[in-house]
Amino acid sequence: MRKRDPLEGAAPAPARPEPAPRSAQTEVRRRQRSRSLVMALALGAFVILLYAITIARIGAL
Amino acid sequence: MASAPLHSDLGLPAEWRDFVALTKPRVMTLVVFTGACGLIAAPGALHPVLAFTAILCIALGAGAAGALNQWYEADIDALMKRTEKRPLPAGRMDRDSALYFGVALSVFSVLLMGLATNWAAAAGLAASILFYVLIYTVWLKRRTPQNIVIGGAAGAFPPVIGWLAVTGELAVLPLLLFALVFLWTPPHFWALSLFVRTDYAKAGVPMLPVTAGNRVTRQQIFGYSLVMASAAVAPWALGETGAIYGVAAAALSLFFVALAWPVLRNTTADPAEMAPEKRLFKYSILYLFLLFGALLADRVADRWLLA
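Each protein sequence line maps, in turn, to chains A and B. So the first sequence is numbered by the working numbering: it starts at 1 and just counts up by one. So the second sequence is numbered by the working numbering: it starts at 1 and just counts up by one.
It is worth saying that the hints were derived from the structure and are not from the lab. Here the structure is a predicted model, which is why all the values come from computation and not from measurement. Be careful, since some hints might not be right.
No farther apart than 25 Å at their CA atoms in a straight line, the calculated lysine to any residue pairs in the SDA-like style are these [stated by the list, open to error]:
1) B:K24 - A:G59
2) B:K24 - B:R92
3) B:K85 - B:A272
4) B:K85 - A:L43
5) B:K24 - A:A45
6) B:K85 - A:R35
7) B:K278 - B:W261
8) B:K24 - A:L43
9) B:K81 - B:V27
10) B:K202 - B:P145
11) B:K24 - A:R31
Footprint (simulated), chain B over chain A, 3 or more residues, beta carbon under 8 Å [as the list claims (entries may be wrong)]:
12) 30-38
13) 45-58
Label pairs and their calculated CB-CB ranges [to be verified]:
14) A:A60 - B:A269: 57 to 63 Å
15) A:T26 - B:K81: 32 to 38 Å
16) A:S23 - B:T268: 48 to 54 Å
17) A:A60 - B:V172: 33 to 39 Å
18) A:A60 - B:G91: 47 to 53 Å
19) B:T144 - A:L49: 37 to 43 Å
20) B:L175 - A:L41: 34 to 40 Å
21) A:I48 - B:T198: 25 to 31 Å
22) B:G213 - A:I48: 50 to 56 Å
23) B:Y100 - A:T26: 25 to 31 Å
24) B:P43 - A:T54: 23 to 29 Å
For every residue, glycine included, the Cβ atom is placed at its ideal position computed from N, Cα and C.
Please construct the entire structure, taking both the sequences and the accompanying hints into account.
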């Protein structure tokens, strides 16, 4: 019989989070992708708007 | 404020559509329209890009206020049928996301307004967001049946902000438009609160039908309709608009009062028999669209005649 290590159990290895089911992971990725896409489009639109505002304000001077 | 925090289902990130839903897009359409009318009615001209930006900022500011309102009211929204499917009570989003989104959008809209147009318009936008969130949502809504009367001022800001974006200063007409939307809000919301009274009672929101009963609410609706009708024709009577607006305002307001009369006469407490209330609520939305549309037509005709 194997001799029990006195330190065994004193410092348990950190519990690993249970991996999310494959379908849930796919859903998380899908949502992250769609949010990133919307954010990128919004930022792109903002850059164009800022450029247009600058041109309009310079023209008004 | 909500005692129990709400969490999103399964720890999933919220969909971008839920962030859009957080901004109350349907309410936003009326805000944007009245804001645009204030902007077009103002004397002077604004570069189309800057005018578009001003209207965009009004829309974003209204959306931000809506998001912060939903963040604060998530607990009572969960208790009402009308609001239980919103992203927070339905568990599709966590509360922190809604708070950060609302604050970020508020700051962004105010700064962009200031940079694109002027800081008077930006101050007006900031005041409207703060009024809606702090005065109406946090302070008044759960405390007094006058919540919608005083809180109505928040929704009355857009035409003033639109005007400020062009001129940078206040005048009589935007203040009259402010008064009109301010006086329109109580009959509009009280008509709704009559047929969703049980929802408000369940959530503990002291709307007038819950605290004072249906009869008093119906009397108040009719009284406010009369005062609102006077405010609607005031811009014409004071020479601030032309006959197109004046005739439209008189006719539309007369019809509003005509629809408020059967509400006053109605005695039922059963929402199924509240056809007059439902009719008045629907018409009140159309009324504001048509009235501001008439103001637009009046201004366009005025400029066309001058040209």
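To see whether the hints hold, each was checked on the structure:
With a CA separation close to 36 Å, the supplied pair B:K24 and A:G59 exceeds the 25 Å bound. Between the alpha carbons of B:K24 and B:R92 the distance comes to roughly 16 Å, so the proposed pair stays at or under 25 Å and holds. In summary, the hint linking B:K85 to B:A272 is supported, as the alpha carbons are separated by about 22 Å, within the 25 Å threshold. Note on B:K85 and A:L43: the hinted pairing is violated, with a Cα-Cα distance of about 29 Å set against a maximum of 25 Å.
Distance check on the hinted pair: B:K24 and A:A45 sit about 22 Å apart at the alpha-carbon level, within 25 Å; holds. Distance hint between B:K85 and A:R35 is fulfilled; the C-alpha atoms sit about 21 Å from each other, no more than 25 Å. With a C-alpha separation of about 13 Å, the suggested pairing of B:K278 with B:W261 holds against the 25 Å cut-off. Between the alpha carbons of B:K24 and A:L43 the distance comes to roughly 22 Å, so the proposed pair stays at or under 25 Å and holds.
About 18 Å separates the Cα atoms of B:K81 and B:V27, which keeps this hinted pair within 25 Å; it holds. In summary, the hint linking B:K202 to B:P145 is supported, as the alpha carbons are separated by about 15 Å, within the 25 Å threshold. Taking the CA atoms of B:K24 and A:R31, the gap is about 21 Å. The hint holds against a cut of 25 Å. Taking a C-beta to C-beta cut-off of 8 Å, the stretch 30-38 of chain A contributes 5 residues in contact with chain B, enough for the three needed, and the coverage statement holds.
With 6 residues bearing a CB less than 8 Å from a CB of chain B, the stretch 45-58 of chain A meets the requirement of three and the coverage assertion stands. About 59 Å separates the C-beta atoms of A:A60 and B:A269, a value consistent with the hinted range of 57 to 63 Å. The supplied range of 32 to 38 Å is met by A:T26 and B:K81, whose beta-carbon atoms lie about 33 Å from each other. Our hint of 48 to 54 Å for A:S23 and B:T268 holds, since their Cβ atoms are close to 50 Å apart.
Taken as a hint, the range 33 to 39 Å is violated for the pair A:A60 and B:V172, whose Cβ atoms sit roughly 27 Å apart. Between A:A60 and B:G91 the C-beta distance comes to about 49 Å, which sits within the given range of 47 to 53 Å. A hinted range of 37 to 43 Å holds for the C-beta pair B:T144 and A:L49, which are about 41 Å apart. For B:L175 and A:L41, the hinted distance range of 34 to 40 Å is satisfied, since their beta carbons lie about 39 Å from each other.
Taken as a hint, the range 25 to 31 Å is violated for the pair A:I48 and B:T198, whose Cβ atoms sit roughly 49 Å apart. A C-beta distance of roughly 55 Å is found between B:G213 and A:I48, which places it inside the suggested range of 50 to 56 Å. Separation of B:Y100 from A:T26 is about 26 Å and conforms to the stated range, judged on CB atoms against 25 to 31 Å. For B:P43 paired with A:T54, a C-beta distance near 26 Å keeps the hint of 23 to 29 Å intact.
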